[in-house]
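J.: Listed here are the chains, written in short residue letters.
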Amino acid sequence: MIAKPKASRAELAEKFRAFIDPDFVITDDETMKPYECDGMSMYCEMPLLVVLPETAEQVQRVMRICNEYEVPVVARGAGTGLSAGAMPHKEGVVLSLAKFNRILNIDPLARTARLQPGVRNLAISEEAAQFGLYYGPDPSSQIACTIGGNVAENSGGVHCLKYGLTVHNILSVEMITAEGERVTIGSDALDVCGMDLLALMTGSEGLLGIVTEVKVKLLPKPEVAQVVMAGFDSVQKAGDAVGGIISHGIIPGGLEMMDGHAIIAADDFAQAGYPREAKALLLCEVDGTEEEVHEHIAQAEALFRELGATSVKTSQSEEERALLWKGRKSAFPAVGRISPDYYCMDGTIPRRYLAHVLLEMEKMSEEFGLRVANVFHAGDGNLHPLILFDANVPGEFERTEAFGGRILNLCVEVGGCITGEHGVGVEKIRQMAVQFNDEELQQFHDVKAAFDPAGILNPGKGVPALRFCQEYRSLEHKQHKHDTVDAAHG
Amino acid sequence: MGDISQTLKEQILQARRTGQKLNIEGGGTKAFMGRTADNNAGTLKLGEHTGIVEYHPVELVLTARAGTTLAEIEATLAEEGQCLHFEPPRFGEGSTLGGTLACNLSGPARPWSGSVRDQVLGIRLLNGKGEHLRFGGQVMKNVAGYDTSRLQAGAMGTLGAITEISLKVMPRPAMSLTLVQDMAMDDVIHYMNSRAKEPKPITGAAWVDGKVYLRLAGAKSAVEATAEKWTGEVMEQGDQFWQQLQHMQHDFFAGDEPLWRFSVGSTADNPELDGPWLIDWAGSQRWYRGDADMAKLETLAQRAGGQVSLFRGGDRTDEVMHHQPRALKEIQSRLKKSFDPDGIFNPGRLYSWL
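Which chain is which? The protein sequence lines are A and B, in order.
Heads up, our numbering is the position in the first sequence plus 252, with the first residue counted as 1.
Heads up, our numbering is the position in the second sequence plus 1275, with the first residue counted as 1.
Any given hint could be a false lead.
List of simulated lysine-lysine pairs, DSS-like, C-alpha gap at most 30 Å [claimed, not checked]:
(1) Lys1472/B with Lys414/A
(2) Lys1284/B with Lys1320/B
(3) Lys581/A with Lys414/A
(4) Lys1472/B with Lys258/A
(5) Lys473/A with Lys1472/B
(6) Lys1472/B with Lys469/A
(7) Lys565/A with Lys578/A
(8) Lys469/A with Lys1320/B
(9) Lys565/A with Lys1571/B
(10) Lys342/A with Lys285/A
(11) Lys1284/B with Lys469/A
(12) Lys473/A with Lys1495/B
(13) Lys1604/B with Lys285/A
(14) Lys469/A with Lys1571/B
(15) Lys473/A with Lys1486/B
(16) Lys531/A with Lys578/A
(17) Lys578/A with Lys1472/B
(18) Lys414/A with Lys531/A
(19) Lys1284/B with Lys581/A
(20) Lys258/A with Lys285/A
(21) Lys414/A with Lys267/A
(22) Lys565/A with Lys581/A
(23) Lys473/A with Lys531/A
(24) Lys1284/B with Lys414/A
(25) Lys267/A with Lys342/A
(26) Lys414/A with Lys473/A
(27) Lys473/A with Lys1504/B
(28) Lys1486/B with Lys1472/B
(29) Lys1571/B with Lys414/A
(30) Lys1486/B with Lys1504/B
Across the chosen pairs, the derived CB separations fall in these ranges [to be verified]:
(31) Asn353/A with Glu1285/B: 43 to 49 Å
(32) Lys342/A with Arg1578/B: 44 to 50 Å
(33) Asp1526/B with Lys473/A: 48 to 54 Å
Residues of chain A clear of chain B, computed beta-carbon distances all greater than 10 Å [unchecked claim]:
(34) Gln382
(35) Ser439
(36) Gly672
(37) Glu673
(38) His674
Worth flagging that the hints you see were computed from the coordinates, not collected in a lab.
Ideal Cβ positions, reconstructed from N, Cα and C, are used throughout, including at glycine.
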């Protein structure tokens, strides 16, 4: 645990202002207000102060001071995270990397880009497009989210099954350690000697170091991409069709599923021409050379029909392809229109349990009296149930959180995990006790201590303190028994 | 033999009590790698901890105990038309999945298909306290907790004994074809990278003995159309060439002369060093044969944006892996302590100080 800061707000600010533009050492509540939360706005906290350095040397000096005084440091990119990973610590510093926004170099022949961490995800592909290249991972927030945040969360997107996550698409990071050391992890090569620290850093949610530079791999832009849209009258059939495609040896660039609620909401929002009567919708994108796409699209269309699709449609132009994706990509805001608030979950499951999990979720939905819409990265088993609620109704968010917790427990029960791409942050910290036992969690704490002996980097996030876990598990156990009894009586 | 994790655990606990060290051994085919093993240490035999635990072709996921041979896994996958697309090298029939991950070994397709580390979804691991831990899972996406599964890649067992691995598998390409042509080493780096920059189904790019080899693999129509457009003769025994490269059975690798591995930037100029070279991974992995001074090679490797290691032969009592900068050495020493507080596993195998 962090002891009380030994330096006051004023003292820290004075120290930082000695080497950082005083306008960017923020201490007044009004200017700090936008930093009180990230994309998970239900969790808020005001920090001690906010600092926006612009060089790695400045970050280094901030870290040395914070380490000396044992002041918590929360790194922040664009603040689009969905697990409150960038929520401030009330006794700590928010270190914003917003000024690190330059693309330092693109090497078209080597197919790499050297970036400052505050570069937006989409800006990489936009800049690389002139060379016929792009950056693979494309999270839904790609217009705003930054590459530094992508490293912290190991972000994915809709093309993961074929092109991988952030961890598969970066070569090196330069980072400042908790103790203020500047190190490079990885190299221009595809591997380095020793333990794979780059993998460990990726997805570590700002708990192991502050990334000040990232080198990413770029991919050649596929010649062609086409989308097949298939509607089904049951989720089970759509799930089987996903398996069918993959068994056939086709690895789609993207493979997304939406349930009936999500189809209607997204179609109302985007007028994408979705089959509104369908209970499940698949969007299957095939990319590659012209010949390959032609061959695979024909196979996919035939397979979907064979496996009971009630409608099959293939994009015939880039405009049509963009429209079909628009519905899916705007599914979150679309659902936002049919409910005052929504809570997005991020569990991952082995695909064969899809129908079972969706059915159980329907039952929970009735039990909690809350609607749920589902969008699903079907290719890689990542579920995004959206629980619809109204934060102005007293007790409704608490009920929503409880519902969400039960969904995550269910994911773990069938062999999945509590978070596929949004991270643990504050939001899912209790469910960590469901996925991991105390020995495993202790090992995580020990890993953290190897990087950050004083425990100043993003404390209270990612890995729960063991003393809270026992309590949570026994509560969950009671709840589970209670459900079982209810079900038996029902 | 099946699941012997309980026996392994007891052996670790006993070693901890008695202060004994343990060398981890799977199929015993990688004894030549790393620094010379500690003679006074006992052996923790993972080679008997075998068996495919789960395999769901539709999920593209396979889970196997660490001592399962690559041969068994690949035969099982082949029955379903799938494969380990990172093309792990086998240095003998006994090569295991666990050893492959610990040494982070991948074959010619690596730049396009990813490495063994890239395919790992989760592991079970016995740490130095004898705790049998489970990290990651059997799903493609999982960001709960630190990625201690992939951390093991290249750690050479210094953090613990990997007992089980879940990994992503892929369909076998419908067709593959190799194009070969004469080319000087000075021209080949630019050539291979230019080809890799095109959106074509390329899965191999290597150069040896004055010839460049490109492999195309994937949908039949795409492979054939690309072969039409690109220069080079279609090689009759193409698959055989890549297999020899994958398993290091190519003539280049024969003999006792020290074998150095340069892992460098794909477009870097080749280090100025006379002697035989083999270039793989479109320039990212370069092999050199000959007696040389490690410090000098490290300078050359760094200039090429990467690192060097003495892969086989030479003096293995000294360091064989590229040195670690002070701060990373400190972090890895602390990580070692966090997993293996008494320093039981593979003492001095990766680095003298680990």
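J.: Tell me, which hint numbers fail for this structure?
T.: Result: hints 4, 8, 9, 11, 13, 19, 21, 23, 24, 29, 31, 33, 35, 36, 37 and 38 break, sorted rising.
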